[in-house]
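All chains, please: the whole structure from these sequences, using the hints.
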Amino acid sequence: MSETTGTTRTEQDLIGEMTLPADSLYGIETARAKENFAISGRTVHKELILAIVTVKKAAAMANAAIGRLEQDKADAIIAACDSLLQSPETYARAFPTDALQGGAGTSTNMNVNEVIANLALQNLGHHCGEYQYLHPLDDVNMGQSTNDVYPTALRIAAIRLVRTLSDACARLQESLQEKENAYDAIPKLGRTEMMDAVPITLGEEFGAYAQAIARDRWRIYKVEERLRQINLGGTAVGVGNNTTRQYMYQVTDILQDLTGLGLARAEYPMDLTQNCDVFVEVSGLLKSLAVSLIKISTDLRLMGSGPYGGLSEISLKPLQAGSTIMPGKVNPVIPEMVTQAGIHVIANDSAITTCASMGNFELNAFLPLIADALLDSLKVLIRTVDSFRTKCIEPLTANEEGCRKHLDHALILATVVSPYIGYEKASDLARTCGNDREAFKEQIIEQGLLTKEQLHRILHAARLE
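Positions -13 to 451 (my numbering) are the ones given, in order, by the sequence shown.
Hints listed in this document are in silico derivations from the structure and should not be mistaken for laboratory results. There's no promise every hint is true.
What the hints assert, rightly or not - Computed Cβ-Cβ distance ranges for the label pairs, DEER-style: (1) Gly292 <-> Ser404: 27 to 33 Å; (2) Ser404 <-> Glu432: 34 to 40 Å; (3) Asn261 <-> Ala194: 34 to 40 Å; (4) Glu75 <-> Lys391: 20 to 26 Å; (5) Tyr406 <-> Pro304: 42 to 48 Å.
What the hints assert, rightly or not - Okay, derived cross-link-like pairs now, SDA-like style, lysine to any residue, Cα gap no bigger than 20 Å in a straight line: (6) Lys20 <-> Ser10; (7) Lys391 <-> Ala447; (8) Lys273 <-> Asn227; (9) Lys281 <-> Trp204.
If you're wondering where the values come from, they're calculated on a predicted model, not measured in any experiment. Every residue gets a Cβ at the ideal spot worked out from N, C-alpha and C, and that includes glycine.
Here is the structure:
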(Lines of atoms letter the chains of each structure in order from A and count residues from 1; the text may use other names and numbers.)
(Lines give C-alpha, C1' and ligand atoms only; values in the text may rest on other atoms or scores of the structure.)
Protein backbone atom coordinates (compact mmCIF):
# COMPACT_ATOMS: atom_id res chain seq x y z
CA MET A 1 0.00 0.00 0.00
CA SER A 2 1.35 3.43 -0.97
CA GLU A 3 0.21 7.06 -0.94
CA THR A 4 2.04 9.84 -2.79
CA THR A 5 2.01 13.49 -1.69
CA GLY A 6 4.22 16.01 -3.52
CA THR A 7 7.86 14.98 -3.31
CA THR A 8 7.31 12.04 -0.97
CA ARG A 9 5.27 8.89 -0.79
CA THR A 10 4.18 6.84 2.19
CA GLU A 11 4.31 3.05 2.07
CA GLN A 12 2.83 0.68 4.60
CA ASP A 13 3.61 -2.92 5.55
CA LEU A 14 2.80 -5.19 8.49
CA ILE A 15 5.25 -3.27 10.72
CA GLY A 16 3.83 0.18 9.99
CA GLU A 17 4.41 3.16 7.69
CA MET A 18 7.50 4.84 6.24
CA THR A 19 7.97 7.97 4.17
CA LEU A 20 10.15 7.74 1.06
CA PRO A 21 11.08 10.13 -1.76
CA ALA A 22 8.33 9.95 -4.37
CA ASP A 23 10.75 8.82 -7.08
CA SER A 24 12.62 6.26 -4.97
CA LEU A 25 13.01 3.03 -6.91
CA TYR A 26 13.22 0.99 -3.74
CA GLY A 27 10.38 0.75 -1.25
CA ILE A 28 9.60 0.24 2.39
CA GLU A 29 11.23 -3.17 2.82
CA THR A 30 14.55 -1.92 1.46
CA ALA A 31 14.29 1.18 3.65
CA ARG A 32 13.81 -1.01 6.71
CA ALA A 33 16.81 -3.12 5.73
CA LYS A 34 18.93 0.03 5.42
CA GLU A 35 18.04 0.93 8.99
CA ASN A 36 18.38 -2.55 10.42
CA PHE A 37 21.62 -3.62 8.77
CA ALA A 38 23.93 -0.62 8.66
CA ILE A 39 26.81 -2.90 9.59
CA SER A 40 29.66 -3.55 7.16
CA GLY A 41 29.48 -0.46 5.00
CA ARG A 42 29.55 -2.76 1.94
CA THR A 43 26.54 -3.28 -0.26
CA VAL A 44 25.61 -6.62 -1.83
CA HIS A 45 27.94 -7.62 -4.66
CA LYS A 46 26.82 -6.21 -7.99
CA GLU A 47 27.29 -9.64 -9.59
CA LEU A 48 24.71 -11.14 -7.23
CA ILE A 49 22.22 -8.32 -7.80
CA LEU A 50 22.46 -8.72 -11.57
CA ALA A 51 22.06 -12.48 -11.28
CA ILE A 52 18.89 -11.99 -9.21
CA VAL A 53 17.57 -9.57 -11.82
CA THR A 54 18.19 -12.24 -14.47
CA VAL A 55 16.25 -14.76 -12.38
CA LYS A 56 13.37 -12.28 -12.09
CA LYS A 57 13.34 -11.81 -15.86
CA ALA A 58 13.21 -15.57 -16.39
CA ALA A 59 10.41 -15.89 -13.84
CA ALA A 60 8.34 -13.21 -15.55
CA MET A 61 8.79 -14.89 -18.93
CA ALA A 62 7.88 -18.30 -17.51
CA ASN A 63 4.83 -17.04 -15.61
CA ALA A 64 3.58 -15.25 -18.74
CA ALA A 65 4.16 -18.35 -20.86
CA ILE A 66 2.00 -20.51 -18.59
CA GLY A 67 -0.71 -17.85 -18.33
CA ARG A 68 -0.28 -16.88 -14.67
CA LEU A 69 1.04 -13.34 -15.29
CA GLU A 70 -0.68 -10.85 -17.59
CA GLN A 71 1.43 -10.18 -20.68
CA ASP A 72 1.48 -6.39 -20.22
CA LYS A 73 2.86 -6.81 -16.69
CA ALA A 74 5.38 -9.39 -17.87
CA ASP A 75 6.55 -7.09 -20.65
CA ALA A 76 6.97 -4.20 -18.20
CA ILE A 77 8.93 -6.40 -15.77
CA ILE A 78 11.15 -7.77 -18.55
CA ALA A 79 11.86 -4.24 -19.80
CA ALA A 80 12.75 -3.14 -16.27
CA CYS A 81 15.12 -6.08 -15.90
CA ASP A 82 16.75 -5.27 -19.23
CA SER A 83 17.32 -1.67 -18.12
CA LEU A 84 19.04 -2.87 -14.94
CA LEU A 85 21.16 -5.43 -16.78
CA GLN A 86 22.22 -3.02 -19.52
CA SER A 87 23.04 -0.04 -17.27
CA PRO A 88 23.87 -1.39 -13.81
CA GLU A 89 25.90 1.66 -12.79
CA THR A 90 22.95 3.93 -13.52
CA TYR A 91 20.87 2.15 -10.90
CA ALA A 92 23.60 1.30 -8.38
CA ARG A 93 22.13 3.59 -5.69
CA ALA A 94 18.84 1.70 -5.87
CA PHE A 95 20.51 -1.29 -4.19
CA PRO A 96 21.75 -0.03 -0.81
CA THR A 97 21.24 -3.15 1.34
CA ASP A 98 24.22 -4.12 3.46
CA ALA A 99 26.13 -7.28 2.58
CA LEU A 100 25.61 -8.57 6.12
CA GLN A 101 21.91 -8.99 6.81
CA GLY A 102 19.56 -11.27 8.67
CA GLY A 103 16.79 -13.12 6.92
CA ALA A 104 18.75 -15.46 4.62
CA GLY A 105 18.88 -12.79 1.91
CA THR A 106 15.22 -11.74 2.07
CA SER A 107 16.15 -8.05 2.20
CA THR A 108 18.16 -8.36 -1.00
CA ASN A 109 15.34 -10.20 -2.76
CA MET A 110 12.84 -7.58 -1.52
CA ASN A 111 15.15 -4.81 -2.73
CA VAL A 112 15.34 -6.27 -6.24
CA ASN A 113 11.58 -6.92 -6.30
CA GLU A 114 10.84 -3.29 -5.36
CA VAL A 115 13.25 -1.75 -7.85
CA ILE A 116 11.97 -3.90 -10.72
CA ALA A 117 8.36 -3.18 -9.74
CA ASN A 118 8.85 0.58 -9.67
CA LEU A 119 10.72 0.63 -12.98
CA ALA A 120 7.97 -1.54 -14.45
CA LEU A 121 5.33 0.84 -13.10
CA GLN A 122 7.09 3.70 -14.88
CA ASN A 123 7.10 1.61 -18.06
CA LEU A 124 3.32 1.24 -17.67
CA GLY A 125 2.83 4.98 -17.14
CA HIS A 126 2.33 4.89 -13.38
CA HIS A 127 4.19 6.40 -10.43
CA CYS A 128 6.61 4.61 -8.15
CA GLY A 129 4.77 2.96 -5.28
CA GLU A 130 1.45 2.50 -7.11
CA TYR A 131 1.58 -1.20 -6.44
CA GLN A 132 -2.13 -1.69 -7.10
CA TYR A 133 -1.13 -1.76 -10.78
CA LEU A 134 1.94 -4.00 -10.43
CA HIS A 135 3.11 -5.45 -7.15
CA PRO A 136 6.70 -6.31 -6.03
CA LEU A 137 5.60 -9.58 -4.44
CA ASP A 138 2.39 -10.63 -6.21
CA ASP A 139 3.84 -9.97 -9.69
CA VAL A 140 7.64 -9.59 -9.69
CA ASN A 141 8.10 -12.34 -7.07
CA MET A 142 5.36 -14.59 -8.47
CA GLY A 143 6.10 -18.28 -7.94
CA GLN A 144 9.33 -17.51 -6.11
CA SER A 145 10.89 -17.35 -2.68
CA THR A 146 14.13 -15.83 -1.46
CA ASN A 147 15.07 -19.41 -0.63
CA ASP A 148 15.20 -20.50 -4.27
CA VAL A 149 15.97 -17.17 -5.97
CA TYR A 150 18.97 -16.20 -3.82
CA PRO A 151 20.97 -19.47 -3.99
CA THR A 152 20.19 -19.81 -7.70
CA ALA A 153 21.50 -16.31 -8.34
CA LEU A 154 24.56 -16.96 -6.21
CA ARG A 155 25.37 -20.00 -8.33
CA ILE A 156 25.04 -17.96 -11.53
CA ALA A 157 27.26 -15.16 -10.19
CA ALA A 158 29.81 -17.67 -8.93
CA ILE A 159 29.97 -19.59 -12.23
CA ARG A 160 30.67 -16.41 -14.16
CA LEU A 161 33.48 -15.43 -11.80
CA VAL A 162 34.84 -18.99 -11.68
CA ARG A 163 35.23 -18.92 -15.45
CA THR A 164 37.06 -15.60 -15.31
CA LEU A 165 39.36 -16.86 -12.56
CA SER A 166 40.10 -20.08 -14.44
CA ASP A 167 41.14 -18.04 -17.48
CA ALA A 168 43.33 -15.81 -15.29
CA CYS A 169 45.04 -18.90 -13.84
CA ALA A 170 45.64 -20.21 -17.35
CA ARG A 171 47.45 -17.01 -18.28
CA LEU A 172 49.52 -17.15 -15.08
CA GLN A 173 50.41 -20.77 -15.79
CA GLU A 174 51.60 -19.81 -19.27
CA SER A 175 53.77 -17.00 -17.90
CA LEU A 176 55.36 -19.36 -15.39
CA GLN A 177 56.02 -21.90 -18.14
CA GLU A 178 57.69 -19.20 -20.22
CA LYS A 179 60.06 -18.53 -17.31
CA GLU A 180 60.61 -22.28 -16.97
CA ASN A 181 61.82 -22.46 -20.58
CA ALA A 182 63.79 -19.21 -20.45
CA TYR A 183 65.73 -20.15 -17.30
CA ASP A 184 66.16 -23.87 -17.90
CA ALA A 185 69.96 -23.55 -18.31
CA ILE A 186 70.58 -21.42 -15.20
CA PRO A 187 71.78 -23.60 -12.31
CA LYS A 188 70.91 -22.60 -8.77
CA LEU A 189 70.88 -24.02 -5.30
CA GLY A 190 67.88 -26.10 -4.31
CA ARG A 191 66.91 -25.77 -0.67
CA THR A 192 64.99 -27.92 1.78
CA GLU A 193 63.92 -26.62 5.19
CA MET A 194 65.66 -23.34 4.27
CA MET A 195 69.01 -25.17 4.11
CA ASP A 196 71.32 -25.96 1.19
CA ALA A 197 70.25 -29.15 -0.61
CA VAL A 198 71.05 -30.10 -4.22
CA PRO A 199 71.57 -28.27 -7.51
CA ILE A 200 68.52 -27.49 -9.62
CA THR A 201 67.85 -24.95 -12.34
CA LEU A 202 65.91 -21.74 -12.00
CA GLY A 203 63.72 -23.03 -14.82
CA GLU A 204 62.83 -26.13 -12.82
CA GLU A 205 61.80 -23.91 -9.92
CA PHE A 206 59.36 -22.03 -12.15
CA GLY A 207 58.21 -25.27 -13.75
CA ALA A 208 57.11 -26.54 -10.33
CA TYR A 209 55.19 -23.31 -9.76
CA ALA A 210 53.48 -23.72 -13.13
CA GLN A 211 52.38 -27.24 -12.20
CA ALA A 212 50.82 -26.04 -8.94
CA ILE A 213 48.85 -23.31 -10.73
CA ALA A 214 47.84 -25.81 -13.43
CA ARG A 215 46.24 -28.02 -10.78
CA ASP A 216 44.46 -25.04 -9.25
CA ARG A 217 43.24 -23.95 -12.65
CA TRP A 218 41.85 -27.42 -13.43
CA ARG A 219 40.14 -27.80 -10.07
CA ILE A 220 38.51 -24.36 -10.36
CA TYR A 221 37.44 -25.04 -13.94
CA LYS A 222 35.83 -28.36 -12.98
CA VAL A 223 34.02 -27.05 -9.91
CA GLU A 224 31.60 -25.19 -12.17
CA GLU A 225 29.83 -28.52 -12.60
CA ARG A 226 28.92 -28.46 -8.91
CA LEU A 227 27.34 -25.02 -9.26
CA ARG A 228 25.11 -25.79 -12.24
CA GLN A 229 22.30 -27.47 -10.31
CA ILE A 230 19.71 -24.96 -9.12
CA ASN A 231 16.67 -25.16 -6.85
CA LEU A 232 14.64 -22.48 -8.66
CA GLY A 233 10.98 -23.47 -8.54
CA GLY A 234 11.41 -25.09 -5.15
CA THR A 235 10.27 -21.83 -3.46
CA ALA A 236 10.39 -21.78 0.36
CA VAL A 237 11.67 -25.24 1.30
CA GLY A 238 12.23 -26.98 -2.02
CA VAL A 239 8.86 -28.62 -2.58
CA GLY A 240 7.39 -25.94 -4.86
CA ASN A 241 4.77 -24.29 -2.66
CA ASN A 242 2.75 -21.52 -4.43
CA THR A 243 3.93 -22.42 -7.91
CA THR A 244 3.32 -25.07 -10.56
CA ARG A 245 5.33 -27.93 -11.96
CA GLN A 246 4.99 -26.39 -15.42
CA TYR A 247 6.61 -23.19 -14.14
CA MET A 248 9.52 -25.12 -12.57
CA TYR A 249 10.57 -26.59 -15.90
CA GLN A 250 9.83 -23.47 -17.94
CA VAL A 251 11.83 -21.12 -15.73
CA THR A 252 14.92 -23.36 -15.73
CA ASP A 253 14.90 -23.63 -19.53
CA ILE A 254 14.48 -19.87 -19.91
CA LEU A 255 17.23 -19.15 -17.40
CA GLN A 256 19.56 -21.43 -19.36
CA ASP A 257 18.88 -19.37 -22.48
CA LEU A 258 19.27 -16.02 -20.72
CA THR A 259 22.57 -16.89 -19.04
CA GLY A 260 24.12 -19.20 -21.62
CA LEU A 261 25.06 -21.49 -18.73
CA GLY A 262 24.43 -25.23 -18.47
CA LEU A 263 22.04 -24.90 -15.55
CA ALA A 264 19.92 -27.86 -14.52
CA ARG A 265 17.00 -28.27 -12.15
CA ALA A 266 18.09 -30.13 -9.05
CA GLU A 267 16.74 -33.65 -8.73
CA TYR A 268 16.01 -32.89 -5.07
CA PRO A 269 15.51 -29.10 -4.69
CA MET A 270 15.09 -29.36 -0.91
CA ASP A 271 18.72 -30.50 -0.74
CA LEU A 272 20.02 -27.30 -2.33
CA THR A 273 17.67 -25.19 -0.21
CA GLN A 274 18.97 -26.76 3.00
CA ASN A 275 22.61 -27.42 2.28
CA CYS A 276 25.48 -25.11 1.38
CA ASP A 277 28.26 -27.67 1.10
CA VAL A 278 28.78 -26.87 -2.59
CA PHE A 279 29.83 -23.36 -1.66
CA VAL A 280 32.23 -24.81 0.91
CA GLU A 281 33.70 -27.01 -1.82
CA VAL A 282 34.18 -24.06 -4.17
CA SER A 283 35.69 -21.97 -1.40
CA GLY A 284 38.03 -24.80 -0.49
CA LEU A 285 39.43 -24.85 -4.02
CA LEU A 286 39.84 -21.08 -3.91
CA LYS A 287 41.74 -21.56 -0.67
CA SER A 288 43.98 -24.08 -2.42
CA LEU A 289 44.83 -21.48 -5.08
CA ALA A 290 45.46 -18.92 -2.33
CA VAL A 291 47.91 -21.33 -0.66
CA SER A 292 49.77 -21.85 -3.94
CA LEU A 293 50.01 -18.11 -4.53
CA ILE A 294 51.31 -17.49 -1.01
CA LYS A 295 53.94 -20.20 -1.38
CA ILE A 296 55.18 -18.90 -4.74
CA SER A 297 55.17 -15.30 -3.51
CA THR A 298 57.18 -16.22 -0.44
CA ASP A 299 59.79 -17.99 -2.57
CA LEU A 300 60.06 -15.00 -4.90
CA ARG A 301 60.52 -12.63 -1.98
CA LEU A 302 63.36 -14.77 -0.69
CA MET A 303 64.99 -15.33 -4.09
CA GLY A 304 64.80 -11.61 -4.78
CA SER A 305 66.06 -10.56 -1.34
CA GLY A 306 69.00 -8.17 -1.19
CA PRO A 307 70.17 -6.74 -3.44
CA TYR A 308 73.44 -7.11 -1.51
CA GLY A 309 72.60 -8.83 1.76
CA GLY A 310 70.18 -11.46 0.47
CA LEU A 311 69.96 -14.33 -2.01
CA SER A 312 69.66 -12.06 -5.04
CA GLU A 313 68.89 -14.92 -7.46
CA ILE A 314 66.17 -12.98 -9.28
CA SER A 315 65.31 -9.32 -9.69
CA LEU A 316 61.72 -8.16 -9.31
CA LYS A 317 60.54 -5.13 -11.22
CA PRO A 318 60.83 -2.00 -9.05
CA LEU A 319 57.36 -0.48 -8.76
CA GLN A 320 57.57 2.15 -6.04
CA ALA A 321 59.84 3.65 -3.40
CA GLY A 322 60.12 1.29 -0.45
CA SER A 323 60.97 3.54 2.45
CA THR A 324 60.42 7.00 3.84
CA ILE A 325 63.77 6.89 5.60
CA MET A 326 66.08 4.63 3.54
CA PRO A 327 66.83 6.17 0.12
CA GLY A 328 66.96 3.74 -2.78
CA LYS A 329 65.16 0.92 -0.98
CA VAL A 330 62.63 -0.99 -3.08
CA ASN A 331 60.32 -3.61 -1.60
CA PRO A 332 58.70 -6.73 -3.14
CA VAL A 333 55.27 -5.13 -2.93
CA ILE A 334 53.42 -7.40 -5.35
CA PRO A 335 54.41 -10.68 -3.63
CA GLU A 336 53.52 -9.03 -0.31
CA MET A 337 50.12 -8.01 -1.70
CA VAL A 338 49.55 -11.50 -3.11
CA THR A 339 50.33 -13.03 0.28
CA GLN A 340 47.83 -10.76 2.02
CA ALA A 341 45.18 -11.47 -0.60
CA GLY A 342 45.73 -15.19 -0.07
CA ILE A 343 45.36 -14.85 3.68
CA HIS A 344 42.15 -12.89 3.10
CA VAL A 345 40.75 -15.72 0.96
CA ILE A 346 41.69 -18.27 3.63
CA ALA A 347 39.83 -16.16 6.20
CA ASN A 348 36.80 -16.02 3.90
CA ASP A 349 36.91 -19.79 3.59
CA SER A 350 36.75 -20.09 7.37
CA ALA A 351 33.66 -17.85 7.43
CA ILE A 352 31.99 -19.85 4.64
CA THR A 353 32.74 -23.15 6.35
CA THR A 354 31.33 -21.93 9.67
CA CYS A 355 28.18 -20.47 8.09
CA ALA A 356 27.48 -23.59 6.05
CA SER A 357 27.70 -25.74 9.18
CA MET A 358 25.11 -23.60 10.98
CA GLY A 359 22.10 -24.16 8.73
CA ASN A 360 19.02 -25.48 10.52
CA PHE A 361 16.41 -27.81 9.07
CA GLU A 362 15.12 -26.49 5.71
CA LEU A 363 17.24 -23.33 5.31
CA ASN A 364 20.57 -21.74 6.07
CA ALA A 365 19.95 -18.26 7.48
CA PHE A 366 23.60 -17.29 7.04
CA LEU A 367 23.70 -17.44 3.25
CA PRO A 368 24.32 -13.67 2.94
CA LEU A 369 27.74 -14.01 4.55
CA ILE A 370 28.49 -17.08 2.43
CA ALA A 371 27.59 -15.09 -0.69
CA ASP A 372 29.57 -12.03 0.35
CA ALA A 373 32.67 -14.03 1.25
CA LEU A 374 32.56 -16.37 -1.76
CA LEU A 375 32.10 -13.64 -4.36
CA ASP A 376 34.68 -11.51 -2.56
CA SER A 377 37.23 -14.36 -2.72
CA LEU A 378 36.57 -14.90 -6.42
CA LYS A 379 36.94 -11.21 -7.27
CA VAL A 380 40.02 -10.76 -5.07
CA LEU A 381 41.70 -13.77 -6.66
CA ILE A 382 40.89 -12.65 -10.21
CA ARG A 383 42.53 -9.28 -9.62
CA THR A 384 45.39 -10.80 -7.61
CA VAL A 385 46.29 -13.42 -10.21
CA ASP A 386 46.25 -10.85 -13.03
CA SER A 387 48.35 -8.38 -11.04
CA PHE A 388 50.80 -11.09 -9.97
CA ARG A 389 51.29 -12.13 -13.59
CA THR A 390 51.66 -8.69 -15.16
CA LYS A 391 53.51 -6.84 -12.40
CA CYS A 392 55.69 -9.61 -10.98
CA ILE A 393 56.08 -12.81 -12.99
CA GLU A 394 56.34 -11.44 -16.51
CA PRO A 395 58.82 -8.60 -15.78
CA LEU A 396 61.08 -10.44 -13.31
CA THR A 397 64.60 -11.29 -14.51
CA ALA A 398 67.16 -13.91 -13.52
CA ASN A 399 70.42 -13.00 -11.79
CA GLU A 400 72.71 -15.74 -13.11
CA GLU A 401 75.68 -14.61 -11.04
CA GLY A 402 73.58 -14.63 -7.87
CA CYS A 403 72.28 -18.11 -8.69
CA ARG A 404 75.76 -19.54 -9.32
CA LYS A 405 77.49 -18.06 -6.28
CA HIS A 406 75.37 -20.14 -3.91
CA LEU A 407 76.60 -23.31 -5.63
CA ASP A 408 80.24 -22.48 -5.05
CA HIS A 409 80.85 -24.37 -1.80
CA ALA A 410 81.97 -27.82 -0.64
CA LEU A 411 78.68 -28.93 0.89
CA ILE A 412 76.86 -28.97 -2.42
CA LEU A 413 79.71 -30.94 -3.99
CA ALA A 414 79.50 -33.48 -1.19
CA THR A 415 75.83 -34.06 -1.95
CA VAL A 416 76.55 -34.57 -5.64
CA VAL A 417 79.46 -37.01 -5.25
CA SER A 418 78.13 -38.99 -2.28
CA PRO A 419 76.55 -41.70 -4.50
CA TYR A 420 80.05 -42.36 -5.91
CA ILE A 421 82.27 -42.12 -2.82
CA GLY A 422 79.79 -42.91 -0.06
CA TYR A 423 77.79 -40.77 2.36
CA GLU A 424 80.24 -41.00 5.28
CA LYS A 425 83.31 -40.10 3.24
CA ALA A 426 81.56 -37.22 1.54
CA SER A 427 80.39 -35.92 4.93
CA ASP A 428 83.91 -36.11 6.37
CA LEU A 429 85.36 -34.21 3.43
CA ALA A 430 82.65 -31.53 3.62
CA ARG A 431 83.36 -31.06 7.32
CA THR A 432 87.14 -30.93 6.73
CA CYS A 433 87.06 -28.59 3.73
CA GLY A 434 84.34 -26.29 5.04
CA ASN A 435 83.29 -23.91 2.27
CA ASP A 436 86.41 -24.43 0.15
CA ARG A 437 85.15 -25.95 -3.08
CA GLU A 438 88.57 -26.36 -4.66
CA ALA A 439 90.04 -28.04 -1.58
CA PHE A 440 87.18 -30.51 -1.63
CA LYS A 441 87.85 -31.42 -5.25
CA GLU A 442 91.58 -31.75 -4.60
CA GLN A 443 91.03 -34.08 -1.65
CA ILE A 444 88.77 -36.37 -3.69
CA ILE A 445 91.45 -36.73 -6.35
CA GLU A 446 94.39 -36.94 -3.93
CA GLN A 447 92.69 -39.66 -1.90
CA GLY A 448 91.98 -41.61 -5.08
CA LEU A 449 88.24 -41.56 -4.53
CA LEU A 450 87.61 -40.36 -8.10
CA THR A 451 89.80 -39.47 -11.05
CA LYS A 452 89.86 -35.91 -12.31
CA GLU A 453 87.91 -36.98 -15.41
CA GLN A 454 85.29 -38.85 -13.38
CA LEU A 455 84.80 -35.88 -11.07
CA HIS A 456 84.46 -33.52 -14.00
CA ARG A 457 81.78 -35.68 -15.64
CA ILE A 458 79.80 -35.90 -12.40
CA LEU A 459 79.94 -32.15 -11.74
CA HIS A 460 79.16 -31.34 -15.37
CA ALA A 461 76.07 -33.55 -15.28
CA ALA A 462 74.97 -31.67 -12.16
CA ARG A 463 75.55 -28.34 -13.96
CA LEU A 464 78.26 -27.41 -11.46
CA GLU A 465 80.98 -27.13 -14.11
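- Query: Which numbered hints does this structure break?
  - Reply: The structure breaks hints 2, 4, 8; every other hint is satisfied.
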